[in-house]
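A.B. asks: Residue numbers (this note's numbering), protein chains in the order written: chain A, 1 to 260; chain B, 1 to 398.
Worth flagging that the hints you see were computed from the coordinates, not collected in a lab. A quick note: this is a predicted structure, and the numbers were derived from the prediction, not measured. Be a bit skeptical, because a hint or two may be false.
Said to hold, decoys possible - Calculated cross-link-like contacts (lysine-lysine; reagent style DSBU-like; alpha-carbon spacing at most 30 Å):
#1 A/Lys145 / B/Lys57
#2 B/Lys335 / A/Lys215
#3 B/Lys335 / A/Lys236
#4 A/Lys215 / B/Lys70
#5 A/Lys215 / B/Lys57
#6 B/Lys301 / A/Lys236
#7 A/Lys145 / B/Lys198
#8 A/Lys151 / B/Lys252
#9 B/Lys260 / A/Lys109
Claimed, not checked - The calculated label-pair distances, taken between Cβ atoms and stated as ranges, are:
#10 A/Glu163 / B/Arg285: 41 to 49 Å
#11 A/Pro235 / B/Asn397: 29 to 37 Å
#12 B/Thr256 / A/Ile167: 40 to 48 Å
#13 A/Ala90 / B/Glu67: 27 to 35 Å
Ideal placement from N, C-alpha and C gives every residue a C-beta, glycine not left out.
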Amino acid sequence: MNIIVCIKQVPDTTQVRIDPVTNTLIREGVQSIINPFDMYAIEEGVRLKEKYGGKTTVITMGPPQAEAALREAISMGCDEGCLISDRAFAGSDTLASGYTLAMAIRKIKDYDIILCGKQASDGDTAQVGPGIATQLDIPQVTYVKKIEDVKDNQATVERMTEEGFEIVKTSLPCLFTVVKEINEPRIPSLKGRMKAKKAEIISWKAIDLDLEEDKLGLKGSPTWVSKIFTPPPRPKGQIMEGDPEETTTQLVEALKNRLI
Amino acid sequence: MSIQIIKDKCTGCSLCIKVCPFGALTIANKKAIINFDKCTLCGACVDSCKFDAIDLKRDSSKTANIEEYKGIWVFAEQKKGAIQSVVYELLGKARELSTKLGSEVSCVLLGHDVKDKAQELIWRGADNVYVVDTPELEHYLDEPYTKAIVNLIRKYRPEIFLCGATFIGRSLISRVAVKIHTGLTADCTGLDIDEKEKFLMQTRPAFGGNIMATILSKNHRPQMATVRHKVFKESAIDKTRKGKIIEEVIPKTLLTSRTKILDIVEEITSTVNIAEADIIVSGGRGLKGPENFAMLEELAKVLGGAVGSSRAAVDAGWMPYSHQVGQTGKTVCPKLYIACGISGQIQHLVGMQSSKMILAINQDPHAPIFTVANYGIVGDVFQVVPLLTKKFKAALNR
């Protein structure tokens, strides 16, 4: 079975801070990490390969330094890494990103399962996974929390819903976006790290893929950012200390009229 | 833009005729023929052709005939026939936008035995309700739902399309936007109309809520956006409102699905799901064990809210994942969020800091949760929470 895992390198949003004087994002010293949700996709890709045999390829679209993310995925057990990087992709929104990744996956050609994290932590859109599936004209199951069984070109999975979950059967190839509940990502072994260090990364530019130029990058992106601003800071709260009998009475007094 | 039939590839199977919303295709001598007076270059036939026999050259930098796109559409998500509350919230906002645009508001309602729900959508602000009522659409499935909506968008050309950022909405609308080749902005917290050019101004948080971005889709229609639960105010019911209910029939060939639901399991432990709750009482590591969540459930019950959890409590196995608030769980924005024994790691804050009011209860006066709280009580949760339950019960007469 051939598995493709799509990952994204993102700034560690938990480190992003606002400069209290200028009210702008402080980007210095912010580390790049693999999108936290993609770690579960990588782990699931490796587990599927270990269970059913085959090959797991990890791909990413991004600047040249995104290669580090691919090596980290290889250290966790992926077989091959593929970097899609070109100035022509700069400014891609979710539509152009989905298109570019789908064209790279077409070039890889043999795949049964595509795995993505449910969303990226920097943009939080959850649009690129379904976008890739649509561009490839394959089915998708989003918010997958368990892959129960894969056989005879079909898979049975559990899909999270607001109320619980659904058990869904799909034909393959299919794209799954996965949630945290699906597994616990492993810590790379020393052997894995060595392998990742030496691994040869496949590198594709725009010219290597059969792309339509006006669907790429800024030109291929219908959405434009017209303005960026920092949200107004929250007003300073009222913090109460002391005897719980008193603080709770004060609080209930303050809130009760708003709750009726 | 141009379209043509590649005669060598066309088998005269007539699949394209069934899906054309404009009756622009016919078959003559076992080949498809396009009537260019009727064809709008919508592309429905291209998707339906199994032989790649229709060649559509699209200018992807702009939607063709962009000025013909009119009106605001809202996806009327239903589950087991019940319209989801986010739909009424979107209708409230859509009415506001429609005044600025001078256009109509329409809903698209898909399902089985759901026709009778259309009237309620009109009372809540819809001028038109397009209904597709058929057994294939009883439960949400990505492919038939996508194709039905794409078919209706191509036929009626709305200028704006709004959808709840629910599990269903996010899966569905991402597919629709790609098929239509238009822009989509996720999780908008603000929607407005640009006064001069009449664009939809879509404002959303990025980088975990640290910055806000206003996004436009200038050259593509419909301008599509999703909005989370509880961001906008529900529209009121007005039983004197009048509107049109339009029943649509989607060709059966478009309603097939490669995925199938085998079973639906409902496992939410408390009755209210956190994404839709007005009030959330959340617990973290400070609760010390699963048995102590009962105390939060009591407070939630008195307030009419739901119980949430930090990642620490989920990882410890005290609460199911479906209750987790935060970066790897759900992002929520209730009217009141009560954080009990949650220190407020940034991963938790990004999932709840847009709540309208935040109350934090924690023993440590320096816990980061107090930096986002409107009200804070420094104290022992095991003392404070039962006292709050008792006093709210008395104050609210519950």
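A.B. asks: Hints first: check each against the structure and report whether it holds.
C.D. replies: Hint by hint, here is what the structure shows:
1. A/Lys145 / B/Lys57: Roughly 40 Å between the alpha carbons, so the hint for A/Lys145 and B/Lys57 is violated.
2. B/Lys335 / A/Lys215: violated (42 Å)
3. B/Lys335 / A/Lys236: holds (18 Å)
4. A/Lys215 / B/Lys70: The given pair, whose Cα atoms are some 25 Å apart, holds under the 30 Å limit.
5. A/Lys215 / B/Lys57: Holds, at roughly 13 Å.
6. B/Lys301 / A/Lys236: Holds - the C-alpha atoms of A/Lys236 and B/Lys301 are around 29 Å apart, at most 30 Å.
7. A/Lys145 / B/Lys198: Measuring from Cα to Cα gives roughly 42 Å; hence the hint is violated.
8. A/Lys151 / B/Lys252: holds (29 Å)
9. B/Lys260 / A/Lys109: holds (25 Å)
10. A/Glu163 / B/Arg285: 41 to 49 Å: This hint is violated: roughly 27 Å between Cβ atoms.
11. A/Pro235 / B/Asn397: 29 to 37 Å: holds (30 Å)
12. B/Thr256 / A/Ile167: 40 to 48 Å: violated (20 Å)
13. A/Ala90 / B/Glu67: 27 to 35 Å: Cβ of A/Ala90 to Cβ of B/Glu67: about 31 Å, so the range 27 to 35 Å holds.
The structure is inconsistent with the numbered hints 1, 2, 7, 10 and 12, although it conforms to all the rest.
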